[in-house]
Amino acid sequence: MSLRALTFLVVGATFALYIYIAIKARARTTSEFYVAGTGVHPILNGMATGADWMSAASFISMAGLIAFKGYDASVYLMGWTGGYVLLAMLLAPYLRKYGKYTVPEFIGDRYYSKGARLVAIVCLVVASLTYVIGQMKGIGVAFSRFLEVPFQVGLVAGMAIVFIYAVLGGMKGITYTQIAQYCVLIFAYTVPAVFISLHLTGNPVPQLGLGSTLADGSGTYLLDKLDLISTDLGFAAYTSQKMSTLDIFLLTLSLMIGTAGLPHVITRFFTVPKVKDARSSAGWALVFIAILYTTAPAVGAMAYLNLMHTTQPGVIGSVNGNLEYSARPEWFKKWEGTGLLKFEDKNGDGRIQYYNEKNKAFAAKAAGFGWKGNEMIKVDNDIMVLANPEIAGLPNWVVALVAAGGIAAALSTAAGLLLAISSAVSHDLLKGVFMPDITEKQELLYSRVAMGGAIIVAGYLGLNPPGFAAQVVALAFGLAASSIFPALMMGIFSRRVNNTGAICGMMAGLTSTLVYIFWFKGWLFIKSTAMLPDTADNWLLGISPQSFGAVGALINFAVALTVSSMTKPVPEHIRAMVEDIRIPSGARSAVDH
Amino acid sequence: MRDGVEYWKANLRLIIICLVIWFVVSYGFGILMVDSLNSIRLGGYKLGFWFAQQGSIYVFVALIFFYAKKMDKLDREHNVHED
Numbered sequence: 001m002s003l004r005a006l007t008f009l010v011v012g013a014t015f016a017l018y019i020y021i022a023i024k025a026r027a028r029t030t031s032e033f034y035v036a037g038t039g040v041h042p043i044l045n046g047m048a049t050g051a052d053w054m055s056a057a058s059f060i061s062m063a064g065l066i067a068f069k070g071y072d073a074s075v076y077l078m079g080w081t082g083g084y085v086l087l088a089m090l091l092a093p094y095l096r097k098y099g100k101y102t103v104p105e106f107i108g109d110r111y112y113s114k115g116a117r118l119v120a121i122v123c124l125v126v127a128s129l130t131y132v133i134g135q136m137k138g139i140g141v142a143f144s145r146f147l148e149v150p151f152q153v154g155l156v157a158g159m160a161i162v163f164i165y166a167v168l169g170g171m172k173g174i175t176y177t178q179i180a181q182y183c184v185l186i187f188a189y190t191v192p193a194v195f196i197s198l199h200l201t202g203n204p205v206p207q208l209g210l211g212s213t214l215a216d217g218s219g220t221y222l223l224d225k226l227d228l229i230s231t232d233l234g235f236a237a238y239t240s241q242k243m244s245t246l247d248i249f250l251l252t253l254s255l256m257i258g259t260a261g262l263p264h265v266i267t268r269f270f271t272v273p274k275v276k277d278a279r280s281s282a283g284w285a286l287v288f289i290a291i292l293y294t295t296a297p298a299v300g301a302m303a304y305l306n307l308m309h310t311t312q313p314g315v316i317g318s319v320n321g322n323l324e325y326s327a328r329p330e331w332f333k334k335w336e337g338t339g340l341l342k343f344e345d346k347n348g349d350g351r352i353q354y355y356n357e358k359n360k361a362f363a364a365k366a367a368g369f370g371w372k373g374n375e376m377i378k379v380d381n382d383i384m385v386l387a388n389p390e391i392a393g394l395p396n397w398v399v400a401l402v403a404a405g406g407i408a409a410a411l412s413t414a415a416g417l418l419l420a421i422s423s424a425v426s427h428d429l430l431k432g433v434f435m436p437d438i439t440e441k442q443e444l445l446y447s448r449v450a451m452g453g454a455i456i457v458a459g460y461l462g463l464n465p466p467g468f469a470a471q472v473v474a475l476a477f478g479l480a481a482s483s484i485f486p487a488l489m490m491g492i493f494s495r496r497v498n499n500t501g502a503i504c505g506m507m508a509g510l511t512s513t514l515v516y517i518f519w520f521k522g523w524l525f526i527k528s529t530a531m532l533p534d535t536a537d538n539w540l541l542g543i544s545p546q547s548f549g550a551v552g553a554l555i556n557f558a559v560a561l562t563v564s565s566m567t568k569p570v571p572e573h574i575r576a577m578v579e580d581i582r583i584p585s586g587a588r589s590a591v592d593h
Numbered sequence: 001m002r003d004g005v006e007y008w009k010a011n012l013r014l015i016i017i018c019l020v021i022w023f024v025v026s027y028g029f030g031i032l033m034v035d036s037l038n039s040i041r042l043g044g045y046k047l048g049f050w051f052a053q054q055g056s057i058y059v060f061v062a063l064i065f066f067y068a069k070k071m072d073k074l075d076r077e078h079n080v081h082e083d
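Listed in order, the protein sequences are those of chains A and B.
Sequential numbering from 1 applies to the first sequence in my numbering.
Sequential numbering from 1 applies to the second sequence in my numbering.
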């Protein structure tokens, strides 16, 4: 069977599974639609959270990001996992105890203010919508790369599948498909990693392989070899730090706080039966996430080493040191065809020179070898995961499995985000603000319509991405960190923060973060409107725009506490409510009123 | 209600202990002290690098389960557990 046919078969089989689950797990009540009837086992919810959290970017792009950034990529590894500690201790159990359906609903109730609820709805929709555009693009990319169908066809196929299970099943359908999707994606990620690690180091556990010696009998540690080969070709040492310490610190903090404040993640913890389940479920979620996140550094480092070995098999500067272009391996040709790898023979010697031409000292040395510039003019981040099975010489079914895994990662995250958006619209905006008198049946209908609408909007934006699509991750995390997380945390840990304080705090955190991002990236990401060039010398104290979320959060805390101390104290029944969410006993299943 | 106040204080103490560890392994070992720790080796890993890309994540997982277990115990001791 050809690889393409096999890939269609494997991806088709996973789709059949998702649709089967959708039909089995139809939602019949609003509680099932919004929070899966609060009946999800904590371990299963952990798995679903893992799939919800790990997007196409985590699956396809992160290892490549690590490969090219080395130590600096630790910000993503720590930032996208450490937030779960905050979630488990500062938010999840108390929000589960409160037992409502959405994040804006808690904010509206705790700060006894429709205004606060509206601000939260806006933050949620903007953060989730910007995030979902990336996922929609991810679905299209995954399809077009793996199945060689046009981007648009892939995106529409993905939308159709999400439509079936999300509209029918709501949170209940999404939860059980996410569990299946987690199994597909983690299997697809770890199998090639195990083989690559075995091949390079003789150790089948990638996490240990990364710290082992190479299997070539040299006795050299893999990471030392990588440092050496990087510096030999003019790149910075793999394990060395390139960003400023302050920026690494703040970016990690922003990503952690942002993770804990992203509504589609928080909502997953509303689906477990009890408060104690919300705590342990966060632990399980992180276990399932950590399996991928501790494997990724090994995948990145090993794939990078393979790439370097391929282009520079011999002594640097010797005539035979570089790979002859005509002798390049099959996988190289295949990924050249997709435009992810690009070669240009600048010095016309028919061989590949891959080195850091921006390093002046090394470029001078390279000129002495007769090299006329870096000839690998494009090495896309995604190549590190996509080409892995072929580099390791694994059978075709593994390649097909990686395709199914990438698509599962994109679909599962998209579905979680779409649910967060549609429940904000149907439950918070319609039921909460505009049509408080609708029956449960009507609300269930509206929630399905909202879900359908959200899918169409997201699909449209995925097909016609606004110019800023690449910047949106910074925006989504910035918004979640600077507005949602502080409002939730103060709602639980402070009895003093009142309606005015919370609204002022959210607005201050939100505005400062947005202005800082737009200042350097351009208003609404229109590049020509940037006030200052986006370079380290212009940044305030050297803080990059993507790292500003943590500062925005601090501003939010400070403003909310100050304003609250100068305005009317919190009413007695709200104080009682705060006391009540702090203790687990008396938890109800999620109810409407 | 008395139980509730004591329970909350105990919870806050536990959270602070956990978050100090959370901070030390990631921001401390992985970022601020990475250079000095890198002179120590864990097999092929430099120790600071290992904390930044592996160790801190393992500690995060352990911390959450530790917190969950301790809280289960606190819930019972203060008689605020769910039925």
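By construction, these hints were calculated from the structure, which means they are not laboratory data.
The reader is advised that the hints may include incorrect statements.
Simulated crosslink set (PhoX-like; lysine-lysine; CA at most 20 angstroms straight-line) [claimed, not checked]:
| id | chain 1 | residue 1 | chain 2 | residue 2 |
| --- | --- | --- | --- | --- |
| 1 | A | K441 | B | K73 |
| 2 | A | K274 | A | K334 |
| 3 | B | K69 | A | K274 |
| 4 | A | K274 | B | K73 |
| 5 | A | K372 | A | K346 |
| 6 | A | K360 | A | K346 |
| 7 | A | K333 | A | K378 |
| 8 | A | K114 | A | K568 |
| 9 | A | K69 | A | K242 |
Each hint, compared with the structure:
1. K441/A <-> K73/B: It is violated: about 41 angstroms lies between the C-alpha atoms, which goes past 20 angstroms.
2. K274/A <-> K334/A: With a Cα-Cα distance of about 51 angstroms, the restraint between K274/A and K334/A is violated, given a limit of 20 angstroms.
3. K69/B <-> K274/A: holds, 14 angstroms
4. K274/A <-> K73/B: Between K274/A and K73/B the Cα gap is close to 15 angstroms, so the pair holds against 20 angstroms.
5. K372/A <-> K346/A: holds, 6 angstroms
6. K360/A <-> K346/A: holds, 18 angstroms
7. K333/A <-> K378/A: holds, 14 angstroms
8. K114/A <-> K568/A: holds, 17 angstroms
9. K69/A <-> K242/A: Satisfied, since the Cα-Cα distance of roughly 8 angstroms is no more than 20 angstroms.
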